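2 protein chains.
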Amino acid sequence: MATITRSLPNMPTEIRKIIRVGEYADVTSALAPGYVQANLVILPKEQAFDFLLFCQRNPKPCPLIEVMEPGVVEPKITSPGADIRSDLPKYRVFRNGEMVEEPTDISHLWRKDLVTFLLGCSFTFEKAMVDAGIPLWHWEHAKNVAMWRTNIACTPAGAFHGPTVVSMRPIHHKQIVRAVQVTSRFPNAHGAPLHIGNPEAIGIKDITKPDYGDEQPFNPGQVPVFWACGVTPQAVALQSKPPFMITHSPGHMFITNMRDADLAAL
Amino acid sequence: MATITRSLPNMPTEIRKIIRVGEYADVTSALAPGYVQANLVILPKEQAFDFLLFCQRNPKPCPLIEVMEPGVVEPKITSPGADIRSDLPKYRVFRNGEMVEEPTDISHLWRKDLVTFLLGCSFTFEKAMVDAGIPLWHWEHAKNVAMWRTNIACTPAGAFHGPTVVSMRPIHHKQIVRAVQVTSRFPNAHGAPLHIGNPEAIGIKDITKPDYGDEQPFNPGQVPVFWACGVTPQAVALQSKPPFMITHSPGHMFITNMRDADLAAL
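Chains as they are written, first to last, in my numbering: chain A, 20 to 285; chain B, 20 to 285.
If we strip away everything but chain A, and leave its shape as in the complex, we get:
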């Protein structure tokens, strides 16, 4: 993955302090290893009930880590002391479904009716796989995973509907069972795979041409394994063209105070 700054402090609170004052605006992969990183979606209260319902109905692509009351900027449950307006390295601002700005701070855009959603991220289950001895090509080569829109429809909620986006990792057939087991421990970080094997079965025509991210090469014996992806909630929210929406910039996640272990089901 992109930039690994080994000289950075490794506690979430310290890292967020550096991000807050604008001294770090890069991707967060490999920062604070063992701590949960989160996808960010901010929507006006007007759309928040439907979006919360959408996440509740589609927990695999949209695992809720924390949802904050309208206007609240401190994620008191997962990250006391943090400020959601300044503690991510980079944001994306959308108006009527179009990106209009990519700032490093959103304090100037804050409103009393904004509801913040923090959603689980693949870093958590990927670390569990690596810890279990399952190699991940994109970790070893500082690349992104490969992602596709599938023919698996999300369960709609109010204005929100759309296809499930998946990420794909080549896994050796001898390690697939173990990969299912270790990722199943983290239902709040996408959990178990959605599909193992045949890409066409879920509507993917060309395994060498991802819709997002980087192509993954296959070694002999490796099989494509697909997980629900955190790109889904943003893609779905954008599709409904909300008048106003803020997300993290891809890879520039919110680093919570939670340990991966706090997120484990068992």
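Hint data in this document are derived by calculation from the structure and do not stem from the laboratory. Bear in mind the structure is a predicted one, so any value in this text is a computation, not a measurement. The C-beta atom is built at its ideal place from N, Cα and C for all residues, glycine as well. Where hints are given, some of them may not hold.
[Unchecked claim] Derived lysine-lysine pairs resembling PhoX-like cross-links, with alpha carbons at most 25 Å apart:
no.	chain 1	residue 1	chain 2	residue 2
1	A	LYS79	B	LYS131
2	A	LYS79	B	LYS79
3	A	LYS64	B	LYS260
4	A	LYS64	B	LYS131
5	B	LYS64	A	LYS260
6	A	LYS131	B	LYS64
7	B	LYS64	A	LYS64
8	B	LYS79	A	LYS95
[Claimed, not checked] Some chain A residues judged to face chain B by a derived CB distance under 10 Å, without partners named:
no.	residue
9	LYS64
10	ASP69
11	LEU83
12	LYS95
13	GLY177
14	ARG204
Chain B: place on chain A using the hints.
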């Protein structure tokens, strides 16, 4: 538990049809074994976002099985074809926190702004324990479990706050580990225990005097084991005295089309 009518059909759809026409108005325990039964909370849209948030933050006492859009009466995800206004044997209607009516049908009270919440119920994890050879005294003696308000505060959300209510079952010390394992499989039906052992540690002064339900006798070697209880969401919702709220009448649950196995995490 109370009434076991062995002559009733055992499919949820058939049982709900009989309930719908007013031919069965008793408790639902032991009906449709292996199918998920659910607690019911209906609130106006005005309170629904905060209550949804409360459930999201307190998944052990308030496990969401299905939440329906405002005005929708068919639980399309878990129980297509059902009608939430008629398919429970008995309801409770509250105005400003006071019970005003206990009807067998709520069609006359329906409004376009009502949001229905279906929450997991202890029947699911109790069946898992019985299937695993862990005897439950209240199943064998057709009684209720023992329940207490504890000193474990729920995480508040908007107007909703209050203590966690727990249910207690005496478990032999040789079977406690197994009880933790089998109930952990069902996070959407209260999941693993909240506490094992000392009642005082969670604010329970007298294990022989439950706040709700029946006292449970202890055999030699049995230890009190406590689980988060579905009484919590109703108690908490009532505490905030919503202008209008409908719940199931205790024990008179909604029988879904879902199998217990559909609810299992693993």
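Hint by hint, here is what the structure shows:
no. : hint               : in the structure
1   : A/LYS79 x B/LYS131 : 30 Å, violated
2   : A/LYS79 x B/LYS79  : 19 Å, holds
3   : A/LYS64 x B/LYS260 : 23 Å, holds
4   : A/LYS64 x B/LYS131 : 20 Å, holds
5   : B/LYS64 x A/LYS260 : 23 Å, holds
6   : A/LYS131 x B/LYS64 : 20 Å, holds
7   : B/LYS64 x A/LYS64  : 12 Å, holds
8   : B/LYS79 x A/LYS95  : 19 Å, holds
9   : LYS64              : 7 Å, holds
10  : ASP69              : 8 Å, holds
11  : LEU83              : 6 Å, holds
12  : LYS95              : 9 Å, holds
13  : GLY177             : 6 Å, holds
14  : ARG204             : 9 Å, holds
When held up to the earlier numbered hints, the structure conflicts with hint 1 and nothing else.
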